[in-house]
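Colleague: Each chain, letter by letter, is given below.
4 protein chains.
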Amino acid sequence: MKIGLIGTGKMGSGMGANILKAGHELTVHDAKKTATDELVNAGAKWANSPKTVAQASEIVVLSLPGPAEVEQVVLGANGVLAGAKPGCMVIDTSTNSPSLVRRLAGAAREKGVALIDAPVSGEMQGARAGTLTFMVGGNKKDFDRSAAVLMSMGKAIVHVGDVGAGDEAKLIHNMIAQINMQAVAEGMALGAKLGMDLKKLNDILSSGGASSRILTQKYPRNGFIGNFEPGFRVDLSFKDLNLASNLGKEVGVPLFFGNLALQRLVELQARGHGAKDTTSCLLPFEEMLNIKIRV
Amino acid sequence: MKIGLIGTGKMGSGMGANILKAGHELTVHDAKKTATDELVNAGAKWANSPKTVAQASEIVVLSLPGPAEVEQVVLGANGVLAGAKPGCMVIDTSTNSPSLVRRLAGAAREKGVALIDAPVSGEMQGARAGTLTFMVGGNKKDFDRSAAVLMSMGKAIVHVGDVGAGDEAKLIHNMIAQINMQAVAEGMALGAKLGMDLKKLNDILSSGGASSRILTQKYPRNGFIGNFEPGFRVDLSFKDLNLASNLGKEVGVPLFFGNLALQRLVELQARGHGAKDTTSCLLPFEEMLNIKIRV
Amino acid sequence: MKIGLIGTGKMGSGMGANILKAGHELTVHDAKKTATDELVNAGAKWANSPKTVAQASEIVVLSLPGPAEVEQVVLGANGVLAGAKPGCMVIDTSTNSPSLVRRLAGAAREKGVALIDAPVSGEMQGARAGTLTFMVGGNKKDFDRSAAVLMSMGKAIVHVGDVGAGDEAKLIHNMIAQINMQAVAEGMALGAKLGMDLKKLNDILSSGGASSRILTQKYPRNGFIGNFEPGFRVDLSFKDLNLASNLGKEVGVPLFFGNLALQRLVELQARGHGAKDTTSCLLPFEEMLNIKIRV
Amino acid sequence: MKIGLIGTGKMGSGMGANILKAGHELTVHDAKKTATDELVNAGAKWANSPKTVAQASEIVVLSLPGPAEVEQVVLGANGVLAGAKPGCMVIDTSTNSPSLVRRLAGAAREKGVALIDAPVSGEMQGARAGTLTFMVGGNKKDFDRSAAVLMSMGKAIVHVGDVGAGDEAKLIHNMIAQINMQAVAEGMALGAKLGMDLKKLNDILSSGGASSRILTQKYPRNGFIGNFEPGFRVDLSFKDLNLASNLGKEVGVPLFFGNLALQRLVELQARGHGAKDTTSCLLPFEEMLNIKIRV
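Chains A, B, C and D, in that order, give the protein sequences. In my numbering, each residue carries its 1-based index in the first sequence increased by 26. In my numbering, each residue carries its 1-based index in the second sequence increased by 26. In my numbering, each residue carries its 1-based index in the third sequence increased by 26. In my numbering, each residue carries its 1-based index in the fourth sequence increased by 26.
For reference, chain A alone in the conformation it holds in the complex (with noise of 0.2 Å):
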């Protein structure tokens, strides 16, 4: 098939290479250029925009950072509906608004084209080894249509919903995710100071019901939790706690630790830590109590 990508970052990088793995025609774009080098030394066409992309595919993938720029990538005056034929799909693998993605779904028909969500849970270690689960919101024909090439990308496509559940179901994970994430900042920064030593500590907690993918993932084992390189963004979060804050209030859940976790963001971001891993959620504890956590 004649595959578009839109968005060579971390993820889309690793997604093309897999699409270009199962043997699609690939065209890729990128707001930086340079972005595309390894796809396109792989094999994919560069077109120098969204709209150039949609005149040669069937299929347009999307992998951007946010509602902004989905916005501008699908309605801009050169954006992907500008080039579409009737026919074409575009599936958004962005963690977007459930809102946006149903108000692009509806512009995008207007025009005969299938927009469909499927953000993805497996970070950029998932995305090139194609292992991604997909969580896909749309009718049942787009899904089906779709999971051919979300198949090449990942190991698992869940048919959450119509168009936006996918979105829906995403943020109510990174939600979760971030809150975990937080709860073991918590632990480990009262085990620091106590003078716990923080290798049995994590062997602990790893071995009962306080264990989880981000202790285990983030915190493995040997103590070692990296250097802070991400991995996932604190801005990122911050933009997928919001919306998932805003999920809440639109339908009226009170979110207290959803909440909560979304004003540590904030207060990470004001303190310089915005482009670093989440999981420097440690740094103010290590800062205050003048310990060190990371071992």
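Any given hint could be a false lead.
No copy labels: a pair is met if it fits in one copy or bridges any two.
Listed below are the simulated BS3-like cross-link pairs for lysine-lysine, each with C-alpha atoms no more than 27 Å apart in a straight line [said to hold, decoys possible]:
hint	residue 1	residue 2
1	318	137
2	137	181
3	47	77
4	36	59
5	167	219
6	58	77
7	71	265
8	137	226
Calculated from the structure, these hints are not laboratory results.
Following the hints, position chains B, C and D against chain A.
Modeller: Showing chains B, C and D alone in chain A's frame:
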């Protein structure tokens, strides 16, 4: 060896069964005599006070609800220290206050008795199966001496530090677990209110960075989260998070999420759910939002 | 002067009465025509759209529920800017989004129309009595020009800064007031649960550092706190704290208390109290604790 | 009357001066002898222990930092109860734990001594000026008997209930005041970050529903909020909110705002501000946001 066991509730009765299986002589006591029937039928001897248990034992294992009970059982007129001979060892497997356990160890030391803390992770299934993890606080010599009897009841023992350190680790563990529980509750409530298929949501959460032991064990993939039969009671979780909160205040570590979770537990108690499993943190969402989260 | 007034609810009708008393010609419009009866009987003219109000006026005063209504009234096909002549001034006394009001001011400027924000403190009693305080955002020239009409409705006007700054100050004001409200609720609930005489507690709180306008006006010393007739509705407070929360996120200030208050308002709405006065934050405590806080 | 006074810090020395002015004989003691110099120069007699104070007095007034000091002063080997004659009365004006004060009253009763709690609002200015408000816990007879000496130091006395009730009211008072303080801090930080003129913001807040005793006294209209000379120290506020938090847990009232404020105080202590006035809750905002809130 001659082992004593005081407290034969859900945890204690499972632990006692494994002590017997390992071939030790077991003397048991519980405030409620019938709670010891199972162990007595399996070969244990009944003693009518902690003091008489101690008189008959080389090592006395405590498995009690919390600090108040442990203090009474150890220091009371008919308590363990009134009966223990010099050279006896007391292993407190209750989740206890680190400062209390240090005080009790001091009182024991004056009588030539060693007292260590060895709280567990694994819940009653683990107690029954002999797969508990013990987090031990005490000096190296006492730790080594306790190893055989602890390994008869569990699959792992971790020497965390001096007396009290086992409880410190356990409190951190339980605080994190309870925050993870609240995170899942908020996410599931939001998903339910959005009309999402909760089994699919569960699949998505379990497959990514939102996954946690709490999620996968308490909210299994078939979507059934049980009937709130504890499991782990709100009242006990309240006790543990209160101790963790106190620990944070003692050593000066702000615990925003831990204390928010503690207040949610106070609210659950106020709403009449104190004797239910902590998964009952879903109930206020169900009631308030008029939704069904349990499927 | 020829004054227009759009929005004649609790605030607007009081404000309109004072505009008439000051001797101005008044043209009024409200989405619900009967809401203007009182003012029309007192000498105001009815106009059947915001556009026709603007055609008849030198200054148009808006008193609307929130951002959505203001945007529609200003920019709609039959909106104020469709009718306003160059040189006209629009004064938005609604509590509005600072970024929206800046966008509206830009749109007005293109038509030669000045638009400033002048939200109020004082509630409907102040509107009726002409004792409101206006916090004004706009340039010095526009502020000076607005002074006469504002002073006909209030006792004080403060020039906070450029367009939007009035709303920014108002949102900060309302956030603090709502946190103070929640503080009183927690304190009164605790006192009630302890069996304290709430009139005495009120006396004590009012005599010391716990005293606040919220305490003394909403919980007067005779102990009666009203029947939850608004007053100030939960739904409106939710709207304002949401705007304040957004402001915090835009400029990067973590607002832990403000956002906790916002989530409590979401909970109040979920529990069916959205149309009640914000003192209804006592109701969940009364229900949960089976106590009577109102005396 | 023969009055004893133990604790002559900021509060106690002001209170003692007024006792002398009222014509009573005064015997004083403080852990730091020099702290009594002013009162001794004004005519008080020094006694070298709480016991000797009690031996010389009909009524003993305590003005101490908190529960630990009061317990020691009352029950210690050289404590008040070791010296007090039957018929003596002890008035504890410290902010104390309600359960401790009940225990102390019980111990006193066994010696024929009445002990009541009478914590104050008004800070040291009020102590000096004799304008304190006392919130008294004790039976009617003891309350009546205490009235004369209390009125020599204050302008109002409120009989809240039985022993402990005075402290309960005081803890509620201090919790609300501290939440109001945090509310102002968040609002002022947001205003400062928005570039607002803080004197104008202060005017606006003071004129409306956001006004509070904290706002107008701690952030006076000229914009100067002092040099963080206490005033009321973070360490003391921490102690009081901790007691209030414990009270909530004892009787089962969830205190979301009270406990959030408590954790903020823990953070202030961790950041080295424990000995500063509680207005130092502005400092983390100033540091994090690189703004100046104090003007």
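Colleague: Using 27 Å as the alpha-carbon threshold, which applies to residue 47 and residue 77: within, between, both, or neither?
Modeller: This pair counts as within: shortest intra-copy Cα distance 25 Å, inter-copy 61 Å.
Colleague: Checking residue 137 and residue 181: alpha-carbon separation at most 27 Å within a copy, between copies, both or neither?
Modeller: neither (32 Å within a copy, 57 Å between copies)
Colleague: Up to 27 Å between alpha-carbons, please classify residue 58 paired with residue 77: within, between, both or neither.
Modeller: For residue 58 and residue 77, the Cα distance is within 27 Å only inside one copy (16 Å; across copies 47 Å).
Colleague: Under a CA distance limit of 27 Å, which applies to residue 167 and residue 219: within one copy, between copies, both, or neither?
Modeller: Cα proximity of residue 167 and residue 219: across copies only (25 Å, versus 55 Å in one copy).
Colleague: Within, between, both or neither: how does the pair residue 36, residue 59 come out at a Cα-Cα threshold of 27 Å?
Modeller: For residue 36 and residue 59, the Cα distance is within 27 Å only inside one copy (14 Å; across copies 57 Å).
Colleague: How do residue 71 and residue 265 come out at 27 Å by Cα distance, when the copy is not named: within, between, both, or neither?
Modeller: Intra 31 Å, inter 48 Å, cutoff 27 Å: neither.
Colleague: Is the C-alpha distance from residue 137 to residue 226 at most 27 Å within one copy, between copies, in both cases, or in neither?
Modeller: Classified as neither; 59 Å inside a copy, 31 Å across copies.
Colleague: Within a copy, between copies, both or neither: where do residue 318 and residue 137 come within 27 Å Cα-Cα?
Modeller: Neither: 57 Å inside a copy, 39 Å across copies.
Hint compliance for this structure: hints 1, 2, 7, 8 are broken, all remaining hints hold.
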